[in-house]
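Novice: The listed protein sequences correspond, in order, to chains A and B.
Counting from 1, one number per residue, gives the positions in the first sequence under our numbering.
Counting from 1, one number per residue, gives the positions in the second sequence under our numbering.
Simulated from the structure, these hints should not be mistaken for lab results.
Certain hints may be false.
So the derived list for chain B, only partly shown, Cβ under 7 Å to chain A, looks like this [to be verified]: (1) Asp142; (2) Trp146; (3) Gln206; (4) Ala370; (5) Gln476; (6) Leu510.
When the alpha-carbon atoms are kept at most 30 Å apart in a straight line, the in silico DSBU-like pairs for lysine-lysine are as follows [to be verified]: (7) A:Lys71 with A:Lys133; (8) B:Lys372 with A:Lys86; (9) A:Lys86 with A:Lys72; (10) B:Lys673 with B:Lys478; (11) A:Lys303 with B:Lys558; (12) A:Lys303 with B:Lys478; (13) B:Lys673 with A:Lys72; (14) A:Lys72 with B:Lys322; (15) A:Lys298 with B:Lys372; (16) A:Lys298 with A:Lys133; (17) A:Lys71 with B:Lys372; (18) A:Lys213 with A:Lys232; (19) A:Lys197 with A:Lys152; (20) B:Lys94 with A:Lys298; (21) B:Lys626 with B:Lys322; (22) B:Lys372 with A:Lys133; (23) A:Lys152 with A:Lys232; (24) B:Lys372 with A:Lys124; (25) A:Lys298 with A:Lys213; (26) A:Lys124 with A:Lys213; (27) A:Lys152 with A:Lys133; (28) A:Lys133 with A:Lys303; (29) B:Lys372 with A:Lys72; (30) B:Lys94 with B:Lys148; (31) A:Lys86 with B:Lys626; (32) A:Lys331 with A:Lys298; (33) A:Lys71 with B:Lys478; (34) B:Lys558 with A:Lys71.
Just so we're clear, the structure is a prediction, and the values are computed from it rather than from any experiment.
Every residue, glycine too, gets a C-beta built ideally from N, C-alpha and C.
What follows is the residue order along each chain.
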Amino acid sequence: MRHFLIVGILVVVAAILTYVGLDSANLMPVAASAQAVPIDEMWNLELIFMSFFFALIVVPLAYSLIAFRRKKGDTSDAEHMEGNTKLEIAWTVLPLFIVIAFAYVGAVNLAETRRVDPDAIIVKVTGIQWSWKFEYPPYGVVSDELHLPVDKQVLLQMTSTDVIHSFWVPEFRVKQDLVPGRITELRITPTLEGDYKVRCAELCGTSHAFMEKPVVISSQGDFDEWMAEQVKLAEQAAATPGGRGQALVAANGCAACHSINGAQGIGPTWSGLFGHEVLLTDGTPVSADEAYIAESIKAPQAKIVAGFEGQLMPSYGFTDEQIADVVAYIKTLR
Amino acid sequence: MRKTNYVGRGLLLLVIAGVAGYGIGLGIDLLISNTLNFSGSVPSAFALLLAVTAFFFGLYGYRGITRGLTWQILGTVLGALFVTGVRALMGSSKIFGAFLFSEPAWVFGALVGVISFLFGVGVVDDWMKWARGIDTPEHHEDEPGWEKYFYVSLDHKVIGIQYTVTALVLIAVGGLFALIFRTELAASQLQFLTTTFRLFNQTGPQLYNTLMSLHGIIMIISILLGISGIMNYVVPMIVGAQDMAFPRLNAFAYWLAVPASVLMLMSLILGGFDTGWTGYPPLSSRAPLGMQMFFLGVFTAGWSSILGSLNVIATVVRMRAKGMIAMRLPIFVWASISTSIIALTATQLIGLSFQLVMFQRLFGMGFFDAAKGGNPVLFQHLFWFYSHPAVYVFVLPGLGVISELLPVFVRKPLFGYRWIAMSSLAIALVGFTVWAHHMFTSGMNEYLRVPFMYSTLLVAVPTGVKFFSWVATLWQGKIQTPTPMLFVLGAIIVFLLGGLTGPPNAAISLDLHLHDTYFIVGHFHDTIFGGFVFPFFAAVYYWYPKATGRRMSEFWGKVHFWMMTPSFLVLTLGMMRVGLLGMRRRIVDYDPALGLDFSHFVMTIAAFLIGLSVLIFFINFFRSLKHGEPATGNIWNSRSPEWQVPSPMPVHNYEVPFEVVGEPYDYGLPGSKYVEFASADKVSHSHS
């Protein structure tokens, strides 16, 4: 009886200490969305149960190791105790109720993260190996950064052009895969202004680790300002082939592999590419003229530059005009 | 002395053949592709295959495994040449591919290679003879020494040790891969796996992805072989059988695992693959050639698992000793049965899902290709329908080892035997209904996620029964803590951490944050270490004397435990923490702005300490074969039948059969016995 009393007290103490320790360890990033609130509540509830059950098993185990250690020279067996059916029923049925209650709470919690605002802003998201493309339909703006006003729900309509990606901003908590050939949806209500990053969470190939783009949450005023500037920039860019090309390059994430400053990447850099000679894998030199660059965009595997063997660039399905625009842009990168 | 010479000769030949193979490969590559590619795949492939084969040749001569590997190489080359020839005759424009042969040629060649291995090693000899109407003896005599482990033996104990040692080799390989990429993660930014780095036709980040993927699958295969090892060695012995029900099938299942392992290493060299062990399309339908070798390797290993589990079930159902009714089965047998039911019925699904992607790549079938009307999410359903229950395949035998060993070292009956036995079955059955909890963010039907949350949380109930019963077994016992018991206790605590961090992932809303982060990585490493690795080490330390007649060093066993356990806790708790803070899974580099550099550095040190402790285990394991303290008696003072006879166990186990006359774990009940051996005059009437 004395053993039970000591262990009972120790379990309570250990459970409280474990919970306080975990709770004060700052295990979650800052919560920056309305959806993060119920999720963090759920996490807290889990912490309470984890702490309790951890103590419930570890304390009697540790206590037994000390109190019921075999004495030196003792070769006898312990008291014969086969089991206790009532106890077994208790620790089967009680947890059964707990998990059912838990699942119910979990379902309610999930519903809270999915609350729909009919006036939500719609942003179309496309995942591309290895970049993000964000389209803002009412403004006709395409960007590789996600800018959103604070305290307004956004409905992300997402798809992928190649493999499965996953949209995740840790500060927003919620996550959703982007699946080729269909549209998946995610609702987020940012609540904290600041700079975050969307990080691809589903393994998507060589540069998966670097598939990160800025997410900027600002006041409605700042957002409108940014958007107006984007609209203006897009209009200016649309006027010249190079500008249109640059916009295409940005929206399709070409820079994920091709640097424009001469840095080493997954694919050859574009800096100083045009008009120069490049060496192909079979050793033949080729002049990087308009026809060569256009071919390399259309049929990436036709001619591969030495040192980039085994890198599979997808073909992006650009029209001939678009390719001419991209070539015009590459021409400007001297 | 004699043995050292053989090993030395093997190593010498390994080096010579490795260099020669590299040269041959370089030459062939030069002839066909016209470039001298020193970091290319073809020279390395030749170097690997010839070196491994030459090692076994030096060790053992041209028979058994050497012959199998030779035939596998020849079969692969001939199969590939056949397809290449057909393509040439058909006037195909691409006769050769980036890795010498084209992809279809490699796939067909690899398949022929696996079949050739089985013929070469001789595991189908008896069946072939039967087909031709030639009788063979029921048993084959094995050579007395170490040689028997390198050819086809029908003895379940030899096969058990073959499985176990192969599992240990794969643990070493998979662990080495982990240390390589863990080192890359020690700090943010790319350290040595940079974009200019080239090995096996892969850049640094690509090689990272390959190593990470291979770490996963090699460890999984190693676990499957490890549990087969323990089950093969222990189950027939503790149910009182002379051998497994189908000894030839048993050997066949083991020898499938060897060519499967070769295919896994080939996948590393032939361009690797960047999908993780999950192999989700569309990524896997566009990954390099290594992907196909991976698919075929898993396919082959899957067959091994299916046939092995079939054998375990048949053995337990048909070959138990007299009086061994269901509720008097050793608890480990219950665990083995539960795990075998899953492996026998679910493994087909992973094979099928991988086969569909293989066909998608080879024949352009659009199963998972959205552009052709396929559905990528369907693959995930098929894949996880095996791959979640597979987790219980991995842990149930380990949990069985915990339950089997606890009473011996606590000197008290297993608390609630029937409940623990039934909880294994319950976990196995509930495990079939939870697969979609891996897919909460996948875009599957949103409302269907809720029933999967309920079923997943339900697993906590039978698992809880085990924990409570273990603690109750310890309560008021007389606890001893030799090395096997230390690993049992470590297993309970580590598995508890894995178990407690499971429900947060089951709660859908919270999983939206946790999914695909290092939290998951930490969680499943805890479940697998607690449910398999710790119990596996416990089982090796515990049954080692039964197999060898010597025991492993207690001192180095304890060093192993006390070095591994704290390091492991630091590693996995660290993983969970960085995951919560935003560290994604499967990334070669992380954003320095996350501020996780120091945590990763600490985790890397912890990982190396685990590696060091396992190295100590290996040295202890092999050194004790010769220098271990002799231990031929019942050194753990167990009631189990295998310890009632001297070690090492004779070839066909018990010279006289035993009868079960009591409960298996009645420690502390004076005068009680679990088994009674028939006296000599009764022997002739007993079953044989």
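Novice: Quick check: which numbered hints come out false for this structure?
Specialist: 1, 2, 7, 8, 9, 11, 12, 14, 17, 21, 29, 30 and 31
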